[in-house]
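**Student:** Everything in the sequence shown is counted per numbering that gives the first Met the number 0, starting at 0 for the first residue and increasing by one.
Calculated from the structure, these hints are not laboratory results. Please read these numbers as outputs of a predicted model, since none were measured by experiment. Keep in mind that a hint or two might mislead.
Across the chosen pairs, the derived CB separations fall in these ranges [what the hints assert, rightly or not]:
1) 10 with 131: 19 to 29 Å
2) 143 with 82: 14 to 24 Å
3) 151 with 192: 31 to 41 Å
4) 141 with 92: 15 to 25 Å
5) 99 with 156: 39 to 49 Å
6) 82 with 131: 17 to 27 Å
7) 122 with 198: 36 to 46 Å
8) 35 with 173: 35 to 45 Å
9) 83 with 180: 15 to 25 Å
10) 175 with 152: 34 to 44 Å
Cross-link-like lysine to aspartate or glutamate pairs, in silico, EDC-like; alpha carbons within 16 Å at most [unchecked claim]:
11) 5 with 36
12) 58 with 91
13) 185 with 57
Cβ atoms here follow ideal geometry from the backbone N, Cα and C, with glycine treated the same way.
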Amino acid sequence: MHTIFKQDTPVLSFFHIPKTGTTSITSALNSYFTMQDATAQLKHVCKVGHANIPNLTDKEYLANNRVCVLRHPYDRAMSLWHHCTRYHEVNDTINHFFLRLSSRYPQGMGNSEHEPESASVDFFAPQWHWAQHCNIYLNFNNLNVDFNNVLNRYVMPGIYNLPRKNVTNNKNLPVLKRHHKKLIQKIYADDFEHLDFIP
């Protein structure tokens, strides 16, 4: 989680959901705002790791305005598969990859009833694990515009360009078939139910 401070007051907290463009957001925040400089009027602080849920009672670092990026579960699932095969030497086909996830979480990956504070969350967890604690959602497919809008509204007027980091080339990805989509709907049932994604 990154929080932007304005004169030592937290004004905007970015929750980082894996494979939703947050590496680009982190890079942009590093470029546009001083990191942890006590003398800066505008600064940002990284409080917890990439895939963690922060301590929700930590008012010193957690802003009232909490932001995350949402991506359609089909696209995010494919990006997760691509990430694992490219960087973690996973040799699964997409079929085996989603079957393994489905068997690992036979009831789906939802865990809405209980969210431990400052919890380490499964890298593959539904976006709802983070999104339920946010009040501002950015659209992955319109990310540069949404990112600019939220910074202009809550932080400071300006033009903020998002660098392209860890981009998945969709042209090189296999086409999702109907049975793949059914598995993804089961694994990410929370996202379809609570975030209004259309299957």
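**Student:** Are the hints correct? Go through all of them and say.
**Tutor:** Here is what the structure says about each hint:
no.: 1; hint: 10 with 131: 19 to 29 Å; verdict: holds (21 Å)
no.: 2; hint: 143 with 82: 14 to 24 Å; verdict: holds (21 Å)
no.: 3; hint: 151 with 192: 31 to 41 Å; verdict: holds (32 Å)
no.: 4; hint: 141 with 92: 15 to 25 Å; verdict: violated (31 Å)
no.: 5; hint: 99 with 156: 39 to 49 Å; verdict: holds (47 Å)
no.: 6; hint: 82 with 131: 17 to 27 Å; verdict: holds (24 Å)
no.: 7; hint: 122 with 198: 36 to 46 Å; verdict: violated (23 Å)
no.: 8; hint: 35 with 173: 35 to 45 Å; verdict: holds (42 Å)
no.: 9; hint: 83 with 180: 15 to 25 Å; verdict: holds (19 Å)
no.: 10; hint: 175 with 152: 34 to 44 Å; verdict: holds (35 Å)
no.: 11; hint: 5 with 36; verdict: holds (12 Å)
no.: 12; hint: 58 with 91; verdict: violated (42 Å)
no.: 13; hint: 185 with 57; verdict: violated (33 Å)
In summary, the structure is inconsistent with hints 4, 7, 12, 13 from the numbered list given earlier, while agreeing with the others.
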